[in-house]
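A.B. asks: Heads up: the protein sequence lines correspond to chains A and B, in order.
Residues in the first sequence are numbered consecutively from 576, following this note's numbering.
Residues in the second sequence are numbered consecutively from 951, following this note's numbering.
No lab work stands behind these hints, which were simulated from the structure alone.
Cβ atoms here follow ideal geometry from the backbone N, Cα and C, with glycine treated the same way.
Careful: at least some of the hints might be erroneous.
To be verified - Residues from chain B that face chain A, not an exhaustive set, calculated with beta carbons under 7 angstroms:
| # | residue |
| --- | --- |
| 1 | Arg1000 |
| 2 | Leu1018 |
| 3 | Met1020 |
| 4 | Glu1023 |
| 5 | Arg1027 |
| 6 | Leu1032 |
| 7 | Thr1051 |
| 8 | Ala1052 |
Stated by the list, open to error - If you want the footprint, here are the derived chain B segments under chain A, 3+ residues with CB under 8 angstroms:
| # | segment |
| --- | --- |
| 9 | 976–982 |
| 10 | 1054–1067 |
Unchecked claim - If you want the ones that stay clear, here's a sample from chain B, every Cβ over 12 angstroms from chain A, calculated:
| # | residue |
| --- | --- |
| 11 | Ser960 |
| 12 | Leu1071 |
| 13 | Asn1093 |
| 14 | Gly1099 |
| 15 | Glu1100 |
| 16 | Asp1136 |
| 17 | Asn1139 |
| 18 | Asn1146 |
| 19 | Arg1156 |
| 20 | Ile1162 |
| 21 | Glu1196 |
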Amino acid sequence: MGQQHAWYEKQFESFERSLNGDSRTPVHKLRRSAITHFLSRGFPTTQEEEWRFTNVQPIASRTFIPSIGRPEARLTAGDIDRLAFPAVNRVVFVNGHVVPELSSTRLPQGVFAGSLAVARRNHASVIDRYLGASVRGTESAFTALNTSFLQDGLFVHVPDGVELEEPIVAVFIAAGASGGFAAHPRNLFVLDERASATVTEVYVTFGTSDYLTNAVTEVDLSPGARLEHHKVQSESRDAFHVGFTHVRQKTSSVFHSTSVTLGGSLVRNELISVLSGEWCECTMNGLSVGSGTQLLDNHTTIDHATPNGRSWEVYKAILDGSSKGIFNGKIFVRKDAQKTDAKQTNKTLLLSDSATIDTKPQLEIFADDVKCTHGATVGQLDEQQIFYLRSRGIGVDQARDLLTTAFGLEVIERVKNPSLRSYMERILRQRLHEERVRTAQ
Amino acid sequence: MLEIRDLHASINGNEILRGVNLRVNAGEVHAIMGPNGSGKSTLAAVLAGRDVYSVSRGTVTYEGKDLLEMDPEERARGGVFLAFQYPVEIPGVTNSYFLKTALNAIRKHRGLEELDAVDFLKLIRERMRLVDMEESFLHRPVNEGFSGGEKKRNEIFHMAVLEPKLAILDETDSGLDIDALRIVADGVNKLRRKDNATIVVTHYQRLLNYIIPDFVHVLVDGQVMRSGGKELALELEEKGYDWVKETPENVTT
Ligand SMILES: Nc1ncnc2c1ncn2[C@@H]1O[C@H](COP(=O)(O)OP(=O)(O)OP(=O)(O)O)[C@@H](O)[C@H]1O
Ligand SMILES: [Mg+2]
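Only chain A is shown next, with the shape it has when bound in the complex (with noise of 0.2 angstroms):
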């Protein structure tokens, strides 16, 4: 890393010294073992096997300030309506900081969804218990450098039995004219025992471009908890997003998550979700849109490790131009785990030649009583399809289009709460229309 090194030290350092009292606390240990941690491994190069078609050079060469502190940023409730959407309780940061004036919940007795920050003073020990702990020592560098500059984030707490009914939902925006600065939102979702929520996370860009979003996301589902999760992901596309997800279930735990990558122009999303109890189910459910240059890696893992498991899933990419998409999806079912049922589809739809996908289904199966799926394609619209819409009277680009939002809304009709739907409904179309008036010009 060389002069890099010297330079993340450095800004380690000014962080720490701007922390005052914190510096004693759980969590600032975790962020000085993660910033040593950083230092020795630096940034991944393609040599690693989990890196192999993403080349993070245009990170890892350049120098972003790690947003400290919140960052000057004009915006309005009828701004965040436009760059999300209205919901009864959301939560809005800007460069990974909490926006208490444009944030409300309305919540169950009990119930915490708010800034990690905030929760820290109350919630300590719950926070202190998970915080860090499905990722000590395994971290990827962007994990470990999340860590190191960790301040806020989405924090959610469902406690026994609780369910809530209306989604929680986290805006994360990146604002600031002069740009080359990284946000490092850090978010940890706990659901006690049958507790069941739905919270989604959406990251957007506002008035500016050059920078880093790099989040880690932390989930822990006790017995019998259900979380509908969502990841929507519609930032700049000259930006920078390298997203963690890891989900702990335990016995009979419910994790139904949908990830929709629409911007950045360097974009790795990791999905990790182990089964760590019996009867547990899993779904992930993800839809990629490239064009451009735009570079869209989802890396999922699906870990069985326990009996009577199932899991889903569908990830589908929309690639235009010269954009490139990587699914590397692996499913461990551990030498316990029998009985489990896992299916696995990725479908990539290509609208260009010099579009391109790197598939990798990785299946890894020590069980012997076990029922495991997997399938890929990768293809142009279908001719026939096209001509059927023509003879009716539909014109040729609007058959085009017309097939290409329903291969993507193929993901998007399996999430359940209807107004979250409709949301990811539009951004999509409005996203593959752009595309079309960009093509046409």
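Since the structure of chain A is provided, determine the placement of chain B with the ligands on it from the hints.
C.D. replies: Same frame as chain A, but now just chain B with the ligands:
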């Protein structure tokens, strides 16, 4: 309305249509029969504008215009409709969304206002009754998971909504049960008008008891080998296609 002259069409270098002549006037029903592989679906697809076929010779004039010059969607907007022998499944697009898009594209072309959701629903409910189709089919993706017969019925439903001037029904009767056959035929008959025409491609004389043709043509090896009135279908039923092949008699109506 439609005049086909000496039409030659091929696919992958194989000539399938080898000089087809056919003339269809407004108000008429024409039946096209012929052995498997004789080129009936090819003819239908060429008329609808499927570009995998290349036309090497001949002309097709539709309402005074060169049909072969037009894109498939232009033909459809101009009133040409093909009921597919094998209707295509469109996952993710509901039947009603599909029809609304198609109908509004056609209406726009004709200088009519687009239908709003209420008027559209009223119209399709009425047309569904014509083919005795259940409402649930509106909300299902086009043809996906439909049974063979349901797909065929859906084609006629599309036709009822889009109200074409020239409808080409490619073996719409195949795969229909007896009741469905009658319903579909009734639907076609109810949609018949003085100013539109229908070409029905079929293997079975039975359909022609319901949709009574003005002319019957026999297509063999890419040519119309014989044409006649509705009796010709009965004669074919009795004597088979060999009889036509043995006594060719090129007739143009
Ligand atoms: N892509 C292709 N390459 C080569 N030959 C083809 C191709 N498509 C169709 N054909 C041939 O064209 C001929 C005519 O086919 P067509 O579907 O028009 O017949 P048809 O009269 O409709 O038959 P059927 O009664 O069975 O529906 C057949 O011999 C078929 O094999
Ligand atoms: Mg045929």
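A.B. asks: So which of those numbered hints doesn't the model satisfy?
C.D. replies: Hints 2, 3, 9, 13 contradicted; others consistent.
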